[in-house]
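For the protein sequence lines, the chains are A, B, C and D, in the order given.
In the working numbering, each number is its position in the first sequence, counted from 1, plus 599.
In the working numbering, each number is its position in the second sequence, counted from 1, plus 599.
In the working numbering, each number is its position in the third sequence, counted from 1, plus 599.
In the working numbering, each number is its position in the fourth sequence, counted from 1, plus 599.
It should be emphasised that the hints constitute simulated quantities derived from the structure, not laboratory data.
Here the structure is a predicted model, which is why all the values come from computation and not from measurement.
Warning: the hint list may mix true and false statements.
The list treats identical chains as one, so a pair stands whether inside a single copy or across any two.
[Claimed, not checked] Here are the computed lysine to aspartate or glutamate pairs in the EDC-like style, where the Cα-Cα straight-line distance is at most 20 Å: (1) Lys681 / Asp700; (2) Lys824 / Glu846; (3) Lys730 / Asp852; (4) Lys623 / Asp926; (5) Lys681 / Asp840; (6) Lys732 / Asp742.
Number of protein chains: 4
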Amino acid sequence: MLRIGVVGAGGWGRNLARNFAALKDAELVAICDLSEEVRRANGRMYPDAALYEDFDAMLEKGELDAVAIAAPAPTHYDMTRKALEAGKHVYVEKPFTLRSDRAAELVELADKVGLTVMVGHLLEYHPAVLKLKELTDNGDLGDLYYMYTERVNLGIVRHAENAWWSLAPHDVSVILFLFGAEPVTVSACGRSFLQEGIEDVVFANLQFSDGRMAQIHVSWLDPRKSRRMVLVGERRMASFDDMEPSEKIRVFDKGASVVRDGYANYEESIRLRSGDVMIPHVSSSEPLRAECEHFIESVNSGSPPRSDARDGLRVVRVLEAGQRSLDAGGEPVSLDG
Amino acid sequence: MLRIGVVGAGGWGRNLARNFAALKDAELVAICDLSEEVRRANGRMYPDAALYEDFDAMLEKGELDAVAIAAPAPTHYDMTRKALEAGKHVYVEKPFTLRSDRAAELVELADKVGLTVMVGHLLEYHPAVLKLKELTDNGDLGDLYYMYTERVNLGIVRHAENAWWSLAPHDVSVILFLFGAEPVTVSACGRSFLQEGIEDVVFANLQFSDGRMAQIHVSWLDPRKSRRMVLVGERRMASFDDMEPSEKIRVFDKGASVVRDGYANYEESIRLRSGDVMIPHVSSSEPLRAECEHFIESVNSGSPPRSDARDGLRVVRVLEAGQRSLDAGGEPVSLDG
Amino acid sequence: MLRIGVVGAGGWGRNLARNFAALKDAELVAICDLSEEVRRANGRMYPDAALYEDFDAMLEKGELDAVAIAAPAPTHYDMTRKALEAGKHVYVEKPFTLRSDRAAELVELADKVGLTVMVGHLLEYHPAVLKLKELTDNGDLGDLYYMYTERVNLGIVRHAENAWWSLAPHDVSVILFLFGAEPVTVSACGRSFLQEGIEDVVFANLQFSDGRMAQIHVSWLDPRKSRRMVLVGERRMASFDDMEPSEKIRVFDKGASVVRDGYANYEESIRLRSGDVMIPHVSSSEPLRAECEHFIESVNSGSPPRSDARDGLRVVRVLEAGQRSLDAGGEPVSLDG
Amino acid sequence: MLRIGVVGAGGWGRNLARNFAALKDAELVAICDLSEEVRRANGRMYPDAALYEDFDAMLEKGELDAVAIAAPAPTHYDMTRKALEAGKHVYVEKPFTLRSDRAAELVELADKVGLTVMVGHLLEYHPAVLKLKELTDNGDLGDLYYMYTERVNLGIVRHAENAWWSLAPHDVSVILFLFGAEPVTVSACGRSFLQEGIEDVVFANLQFSDGRMAQIHVSWLDPRKSRRMVLVGERRMASFDDMEPSEKIRVFDKGASVVRDGYANYEESIRLRSGDVMIPHVSSSEPLRAECEHFIESVNSGSPPRSDARDGLRVVRVLEAGQRSLDAGGEPVSLDG
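So that you can see chain A by itself, here it is in the shape it has in the complex (with noise of 0.2 Å):
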């Protein structure tokens, strides 16, 4: 029985909580969050958790075996270290840490300490995503070319952060995911028009090193709401529309081939196919549920969970490249820089 205490639990943590005090194998024996009324609430839901305000008070007194981290992303870095130096096993919420060094910190200290950290790339449990890897990974889409994602909206207009590390992390733990590999370089070109210096779209490009491609455009000013992504292999095509109700994965029968014996006549030279599109039954269980059973799964057997503390430092360091490219006016930004 894992004793978990959850850190920020007004917003998104609220869910955490929920699903943690669900589980079986778990149990939700502390929440902190600065403020007394959000402790009141989760009080009432919980009677049987500890409130703290304090989150050293937590990890000191709480009798834990893991923290949940859901405060804001400026605090993700400090948290993580010290219920790591706890020897509290730690789930951070994304984006992991806002500085790449820090991120690799984190991955040296967990490796030393052997504790297991898992970031809430939350996408990586979507049973669509999932389908996505397996189309790729069985070969069904051919080599991949390159993929595209849409993530946008009207709100939430964040003013901590901007759209890029609000909305992207999600975009960039699938592409990185999908692919198996980290760009070498990323340009990103964006505007901020409702708050000075924080951007409200951005379009990114992530160029890898083996000619693949990946394309990540998010906004928060947008009319429509989209989330999809649409993937391009050699034999076949894929995308994913978690708008659709059900129908979210469609795997299309076409592709482009290149028939490589020098034809006079080039036009011949290519040859387009339509076939048939199939919607393959994806199962419409809750992501959210899935990443918190794996985090339990990981801490009791030891492996590495999916979205690991290195999943979390590759992804940062896209987002961070991502950033200076932005602040550069769209330059490619190496990531080995």
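Starting from the structure of chain A, add chains B, C and D where the hints point.
Relative to the frame of chain A, chains B, C and D by itself:
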């Protein structure tokens, strides 16, 4: 009655011939094409039109008032120059030329000889685009923040030009038309998968001096056919989906307004508004028909057409900068370079 | 403060309990269910509510002002009568009763004892339906010609009632609400495929004395999930699609007008008009919440609720006639029968 | 080489003329139309075709092998009879005739003279309908339970026939084609809003002796343009949406199976299955082209066409019964009447 000769009547040129032949103020008197088969086919459809294999011969003997050039892009500069020197008005398909210095030379020449030059920026004559122009100019959308366009499909894969030069002229011409300005820098990322050195997919970003931004996504290697544009303004937002049979334009009474009198609570400092959506009725008339009529009216009135040589030059300058950025791996390229 | 007891808290009744417990002017003081497990589960959620296995016991000892009946349809008549005789206001789920004579008896009884009876015709409290009511009443659509509804899905397959009694009460209540009239005849055709004598799909047609018409299509054996209504008026048309997350209502400025001054050429005697389409913003508040609030207000004010016992009777009369038509193989059945 | 004359070349007949003129095994040798303007227009397009004002004259002097009849429906019986008596094969547009006894008479006559008669049931030649036929015949859907069709739009409003006779022949012919059977009863409800006695909207229900059912919804007074069909089978379900540019057919691996070994708990006795959705690639060839080719092949081979006179008779019998039901206010009408 404007006497017109069409050069390049195999592909798209057929549509030009058909439209000019049908207009009451125009007469299709000559058709020029290198292919005997194409000449014969057009001869059957337009028995009164003289047939030429050689463009110079048509200019010399054709007794024409104007020529419509639908030959491959590399020939546009040469044919336009020759036609102007021969005293003919010119309708030339997009892209106007493949180099901006050549386009600039043609602008000068057209002025010197006092003849009409019109570039086939078809979308500037699309009823839906004219509705978008009306919405932006009359202030319905408020100050424009940014727009983005998507022009993707599986095929037609070109061999002489990449997806950028083949598809983006439409998007660039509409962006300049709606913004009423030229960008200061262009960044473009793309990849060649099917043919070496010929980009199949390109993502480009245009930055304007006043802070506005436009993004273009073109591809001929995509599972979906999409032809859409989204405009985000301070007061309202709008979208144009050319795949919709009738409901092409949507005006969203949506926006985010910032309350400037510094709030303690930032949450209150931004107000999101989600109101009605209006789908204005847009004429379903054929854009090409309107375009051909506009050419004839422009010649007759002597007033410059909407998509005149200067417009053609502006678009080529953006395409050229985009190609330089593509070649430089996404480096932002200044148009004043 | 209205003291309410809920009977039948296993299925839909849970939602009634949740809403009444949350309303500030109501108090959930008792829960009655035959299942001990259901009682225990509700006991945990509502520790202050008394638990009863027997409805009579709850009426006797419960010190209630009102009861909310979510027990199976066959019990509605009996429980409503007993509650009224015990001096309690009644909220009862649809269908009001399974026989119109029983419904009529309850209307009389409610009048005699001067208590509030409200039937759970949920859609009469749906913001989108209220928008349709506004559009019809204020003349935006002109005279209503006809409407049709579609309520299909795969599942939930019932065993005690067919798709007509399970799904159609929603459509019938909305039709009577919008038309402000009762039909004179009902024709219904259906088939039983899964269970003998229990129709899985029903198509019903309602004819009104003034020439208006309504069609209903219900099924729990269909590949698509659809919840939609279309209204055709003399001046405009409207649709309601409850599967749309936000754009539920569309008002089409479309119509066909007949020019009455007898034309020689009939073609000219009918003018089709296709104008703008408007998607009005509709509140996304929960209909059930509004319904529960309306019940409390009605009890407190003493004014009859929108879906009172008379409304319940009208709906049952149509359902009953529809069932007779189903049993007679589609024979139109008169409501005055 | 089949020598064909087309009668009624003003409206839809133009498409017949265009197709027959283009087919290599046919020759368009004559065109007959009452309107001099229509004759002149066709004369320009088909200089080699003889022009007639009078049908009898064309039959007499035309040296034809076959006639294609696209004149108004009331003329179909007379013209078909005359053509057969004159020894010509006949292609006649739907509806075959306006009375079933006349259709039966033509079936007999065609047999007697041994000539081909084909009725223009266009959808029986639509690639998507042929795919549905394949799915039903090869058992992919299992036993068919029921199907329904929707053919609605704003316009074209007819004056000589109602929406039932104008639109439903397509649906009826497909239903009989897919079911391979004739219904035993037809119930139809409709209303006339624009013109007295001419129904603008009709809902019809067809009952088959083996328990299968089909529903038809036709209207020319509707805000949406819809052309769709849904088939529900024991094993799978399918839909056909002709408004979709490419994804016209969907096969749903969905169904409800009943477990017959009497359960105590009814809930367990029905199993719902929701699996993959398949969108098979369907040829985008023009149905009318295939239809015209089929006529020529049938004449040349002497084998009866898919939509022969008997098929035409079957469809007219259903339309006739439907009209009787309309006139009787929805009374189910038996086809054996």
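Hint check results:
1. Lys681 / Asp700: within (17 Å within a copy, 63 Å between copies)
2. Lys824 / Glu846: both (17 Å within a copy, 12 Å between copies)
3. Lys730 / Asp852: Close inside one copy (16 Å) and across copies (18 Å); limit 20 Å.
4. Lys623 / Asp926: Classified as neither; 47 Å inside a copy, 51 Å across copies.
5. Lys681 / Asp840: neither (39 Å within a copy, 52 Å between copies)
6. Lys732 / Asp742: within (13 Å within a copy, 37 Å between copies)
Checked against the numbered hints given earlier, this structure breaks hints 4, 5; the rest are met.
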